[in-house]
Amino acid sequence: MTDALDDAGNRAGPGNEVGDDVEDDLGNRVEGGTARVVLSYLTRSLANEPDAVVIEADDSGRTTRFRIHVAPGDMGRMIGRRGRVAQAIRTLVRVAGSRDGVETNVDFVDD
Amino acid sequence: MTEMSLEEQGQAAQTFVEGLLREMGMDATISLRMVDDTTAEVAVDGEGLGVLVGPRGATLSALQELTRTVVQKHTGGHSERILVDVAGYRARRAEALQRFTQQVAAEVLSSGTERALEPMSAADRKVVHDAVNEIDGVVTRSEGEEPRRYIVLSPSADAPQADGSGADES
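Sequence lines, in order, name chains L and X.
Residue numbers are given in this note's numbering: position 13 of the first sequence equals residue 13, and the series is strictly consecutive.
Residue numbers are given in this note's numbering: position 116 of the second sequence equals residue 116, and the series is strictly consecutive.
If you are wondering where the hints come from, they were derived from the structure by calculation, not from laboratory data.
Here the structure is a predicted model, which is why all the values come from computation and not from measurement.
Where a beta carbon is used, it is the ideal one built from N, C-alpha and C, also for glycine.
Worth double-checking, as some hints may not be accurate.
Unchecked claim - Chain L residues, not near chain X, derived (Cβ > 10 Å throughout):
no.	residue
1	Tyr41
2	Ser45
3	Asp51
4	Glu56
5	Asp58
6	Asp59
7	Gly80
8	Arg84
9	Val85
10	Ala88
11	Ala96
12	Asp107
13	Asp110
14	Asp111
Claimed, not checked - Here are the computed lysine to any residue pairs in the SDA-like style, where the Cα-Cα straight-line distance is at most 25 Å:
no.	chain 1	residue 1	chain 2	residue 2
15	X	Lys126	X	Ser5
16	X	Lys126	L	Gly83
17	X	Lys126	L	Asp51
18	X	Lys126	L	Gln87
19	X	Lys126	L	Arg44
20	X	Lys126	L	Val54
21	X	Lys126	L	Asp111
22	X	Lys126	X	Arg81
23	X	Lys126	X	Arg141
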């Protein structure tokens, strides 16, 4: 086992059970709701440097537009061959957004 | 990077899927099953999971792709076959594909001519290859490039000829 296994599980624990996942650690409502927590979970699970993942959210009407920044070394895995991983992330974020009645748009930003 | 056994890879996949379902706010039972020596399956079962399957299984395919990619992060490259199923969708679909493949194989056997199938995913091609492997007299090969790679079923060289004329190729 590698210690990296714990990266994906680091949101587990008391205070983060099913149902309260649209609030951040301080109890504030997170912009983007379920879509945002799912996007954060997916990108952090995929990244070798999860703490370098930055997500900007921009609400305009019914659509939330997300812009993802990751460490340069993580961009390749985040996009995947022929963009398959990026597309898979978009698909699951769309499903998450639909649970809140929100449409989503996910862009990966190459800084 | 430490070598990870198939079971450890399966557990990493299960942990990832459990976390995702939690963030989705979806209640489900997630179990890990060793299919064979080189394949593990994470099965997600419960009520109201249709959104995780999606139209023509598109969301399930996305979930599969992400799970495999996360496992590959842990292994540092390759991974064993890690399958994800939701509400038995993949199992039902595999059975239908097996039945279809057996029909086509029977036609190839009786006609002696090869048949090309529609392009399909690597996971679906594996189902077809496995199904044909169990049938004497028909072999498979893959042609074309991803994502339009497809399987051709043809009579094997040593197949008994339907008309009994042996190696006579007319």
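Consistency of the hints with the structure:
1. Not every CB of chain X is more than 10 Å from the CB of Tyr41/L (nearest about 5 Å), against its label as outside the interface.
2. Look at Ser45/L: its CB is around 5 Å from the nearest CB on chain X, not clear of 10 Å, so calling it non-interface is violated.
3. For Asp51/L, the non-interface assignment is confirmed: its Cβ lies about 15 Å from the closest Cβ of chain X, beyond the 10 Å cut-off.
4. Every beta carbon of chain X lies more than 10 Å from that of Glu56/L, the smallest distance being close to 19 Å; the non-interface claim holds.
5. Under the 10 Å C-beta cut-off, the non-interface status given to Asp58/L relative to chain X holds; the minimum distance is some 21 Å.
6. With a cut of 10 Å on Cβ distances, Asp59/L stays outside the contact zone with chain X, its closest approach being about 19 Å.
7. For Gly80/L, the shortest C-beta to C-beta distance to chain X comes to about 7 Å, within the 10 Å cut-off, and the non-interface label is violated.
8. Against chain X, the non-interface label of Arg84/L is violated: not every CB pair exceeds 10 Å, the least being about 6 Å.
9. A beta-carbon of chain X is positioned within 10 Å of the beta-carbon of Val85/L; the least distance is around 5 Å.
10. Not every beta carbon of chain X lies more than 10 Å from that of Ala88/L, the smallest distance being close to 4 Å; the non-interface claim is violated.
11. Not every Cβ of chain X is farther than 10 Å from the Cβ of Ala96/L; the closest lies at roughly 6 Å, contradicting the non-interface assignment.
12. For Asp107/L, the requirement that its beta carbon stay farther than 10 Å from each beta carbon of chain X is met, with the minimum near 17 Å.
13. In this structure Asp110/L is separated from chain X by more than 10 Å, as the shortest Cβ-Cβ distance comes to about 19 Å.
14. No Cβ of chain X comes within 10 Å of the Cβ of Asp111/L; the nearest lies about 21 Å off, and the non-interface call holds.
15. Our distance criterion of 25 Å between C-alpha atoms is met by Lys126/X and Ser5/X, whose separation comes to about 22 Å.
16. For the hint pairing Lys126/X with Gly83/L, the CA-to-CA distance comes to about 23 Å; that is within 25 Å, so the pair holds.
17. Annotation: proposed proximity of Lys126/X to Asp51/L is violated, straight-line Cα distance about 38 Å (limit 25 Å).
18. Taking the CA atoms of Lys126/X and Gln87/L, the gap is near 23 Å; set against the 25 Å cutoff, the hint holds.
19. This hinted pair does not check out: Lys126/X and Arg44/L have alpha carbons roughly 31 Å apart, beyond 25 Å.
20. Between the alpha carbons of Lys126/X and Val54/L the distance comes to roughly 38 Å, so the proposed pair goes past 25 Å and is violated.
21. In summary, the hint linking Lys126/X to Asp111/L is not supported, as the alpha carbons are separated by about 39 Å, beyond the 25 Å threshold.
22. Under the criterion of a C-alpha separation no larger than 25 Å, the hint pairing Lys126/X with Arg81/X is consistent with the structure, at around 11 Å.
23. Note on Lys126/X and Arg141/X: the hinted pairing holds, with a Cα-Cα distance of about 11 Å set against a maximum of 25 Å.
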